[in-house]
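Participant: If you want the building blocks of each chain, they are given just below.
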Amino acid sequence: MTVLIVAEHDNATLKPATLHAVGAATKIGGDIAILVAGSGCKPAAEQAAKIAGVARVLVADHAGFAHPLAENLAPLIVKLAGGFSHVLAPATTSGKNVMPRVAALLDVGQISEIVAVESPDTFVRPIYAGNALATVQSKDKIKAITVRTTAFAAAAAEGGTAKIETVADGADAGLSKFVRQELSKSERPELTSARVVVSGGRGMGSGENFKLLEALADRLGAAVGASRAAVDAGFVPNDYQVGQTGKIVAPDLYIAIGISGAIQHLAGMKDSKTIVAINKDEEAPIFQVADYGLVGDLFKVVPELTAALPKKG
Amino acid sequence: MKVLVAVKRVVDFNVKIRVKADKTGVETANVKMSMNPFDEIGIEEAVRLKEKGTASEIIAVSMGPQGAQETIRTALAMGADRGIHVLTDAELQPLAVAKLLKAIIDKEKPRLVILGKQAIDDDCNQTGQMLAALLGWPQGTFASKVTPTADTAEVTREVDGGLETVELKLPAVITTDLRLNEPRYASLPNIMKAKKKPIEQIAPDALGVDPAPRLVTLKVEEPPKRKSGVKVKDVVDLVDKLKNEAKVI
Ligand SMILES: Cc1cc2nc3c(=O)[nH]c(=O)nc-3n(C[C@H](O)[C@H](O)[C@H](O)COP(=O)(O)OP(=O)(O)OC[C@H]3O[C@@H](n4cnc5c(N)ncnc54)[C@H](O)[C@@H]3O)c2cc1C
Ligand SMILES: Nc1ncnc2c1ncn2[C@@H]1O[C@H](COP(=O)(O)O)[C@@H](O)[C@H]1O
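Residue numbers (our numbering), protein chains in the order written: chain A, 31 to 343; chain B, 60 to 308.
Note that these hints are calculated values from the structure, not bench results.
Just so we're clear, the structure is a prediction, and the values are computed from it rather than from any experiment.
Quick reminder that beta carbons are idealized off the backbone N, C-alpha and C, glycines included.
Just to be clear, a hint being listed does not mean it is correct.
[Said to hold, decoys possible] Covered stretches of chain A, as calculated for chain B (at least 3 residues, CB under 8 Å):
#1 64 to 77
#2 205 to 218
#3 283 to 294
[Said to hold, decoys possible] Here are the computed lysine to aspartate or glutamate pairs in the EDC-like style, where the Cα-Cα straight-line distance is at most 16 Å:
#4 B:292 with A:282
#5 B:204 with A:212
#6 B:300 with A:282
#7 A:310 with B:293
#8 A:207 with B:210
#9 B:278 with A:151
Based on the provided sequences and hints, a complete structural model is requested.
Facilitator: Put into structure tokens, the structure is as follows:
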């Protein structure tokens, strides 16, 4: 078996999601190679070479890869894929964007968001917002897979000495152009890899009120998340959304505040180790998955909780 | 321009699904079915483009058993002009759906094709990207804003870090995200009118596509249940439990 992993990076740094994909690849077994396609992506490639368990790093450095446009990336991955039994990408928005395009060009099915590897051709994946787990077997010659990062332990970022090789210098397919991006800036840990997540829902009432959660998050060194209702209401940006169609998180501690607990929200957080729910409605479904439920008005409880925790640093 | 929208019939998002006792799948008999929520957003977007004069005709396509007709009717009631129903009782996986859609698109030649970013039953999030690949077209996935001009479409995409805007050459495939728009309810007069709009029915082999599944589902199971937790009486109690019992702070 030979596994090719499509790295998630921003040229300067390799994203932790890549390490989780390597974690999944180790479960499949065989030689692991990582593709770093970017523009000026040498630093990311060098980081990839240090990952424990990785044999080769393939680098495609080209202006057409400055942004991960699927139209430009897919032909490159397809060209390389012939030499591999598995092609993996983390189930991030860029992995989800490019991998099905690769699969179709290879004329193979894709196995989306695997959460377990049963054997090199058999995988477990959630369906129906995680309310069922399907075990599926692929009959295709190349397995195209996206990996749910929270389901696989990260490979060690240090300790490897992979060979760095340059592959085809790539091209611009001329179908799409990057125009601009508006990335949310935050000093906080990244939502999908944070150890603690504090999320707010419609019950927060306004974007202004999210300051209450930020104060709590500061004490806990936590990332801040939200329900879809809070994002739709414009309280916080779209990339805060946790759930079936947002981000999947599995921190050690998840605190849901003013969130009712719709199945689509639970889909994104019910694998957290410890769940706390704060809600004024004691019948709220969120209490069914919470290890610790506190019935009360968040505007009273959250400041109290913040005050009860020591200041960081 | 002609716009084609793919609409899938799925178990309604409000239904709490049950896994079948024999582990072959999920109970779908006597369960409320609806149009996939992302596809409602797709139809709404097409209808708005028509109201603005950008779209000339809207074709709604659904694939699956006889019941898929109902989903097409809903699309017609929302404002689509005509429907195409690929009738089959066989399991259709994303690659097969993409190939069938391509065959229809080769004939209909729309300038814009809209799909949902994900079907809420299989949660695959694949079909739009696969279709774009087979057509050799650009793809604007997870779209929260779409502005087509004569030759291009500017698409704002919801990505992990925030928002990204790309410019695509037309024809192109778009997949919808939740915040693209808020779909309308079909009015009673429009529901009546929709009954007279045409729906063409085709079989997969008439489109020259082998829709055989590539993945075999060996079993479907319920996820492990979380054991039920406790209610704490106040913040002091909560902090104590988090420190000394869960040991997470
Ligand atoms: C296709 C589809 C995909 C979806 N994807 C997602 C997704 O990815 N993520 C997601 O989150 N949702 C998703 N949803 C939406 C989901 O169904 C729910 O509508 C949403 O999660 C509700 O958000 P909420 O809990 O914040 O709001 P509500 O359900 O309105 O709950 C608000 C809660 O706040 C409590 N509250 C109010 N005031 C206070 C107070 N002062 N103190 C304490 N508690 C208070 C209330 O008791 C209530 O329980 C999706 C829906 C669809 C159809
Ligand atoms: N059987 C189908 N009929 C019509 N459209 C479909 C079908 N299956 C998938 N689609 C389209 O593809 C999108 C993504 O589905 P999926 O890749 O399965 O998550 C859906 O939102 C639909 O727009």
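Participant: All hints, please: hold or fail.
Facilitator: Consistency of the hints with the structure:
1. 64 to 77: Since three or more residues must qualify, the claim that chain B covers the stretch 64 to 77 of chain A is violated, with 0 doing so at under 8 Å.
2. 205 to 218: Since 10 is at least three, the answer is holds.
3. 283 to 294: holds (count 3)
4. B:292 with A:282: violated (22 Å)
5. B:204 with A:212: The given pair, whose Cα atoms are some 14 Å apart, holds under the 16 Å limit.
6. B:300 with A:282: holds (14 Å)
7. A:310 with B:293: holds (13 Å)
8. A:207 with B:210: The given pair, whose Cα atoms are some 13 Å apart, holds under the 16 Å limit.
9. B:278 with A:151: holds (14 Å)
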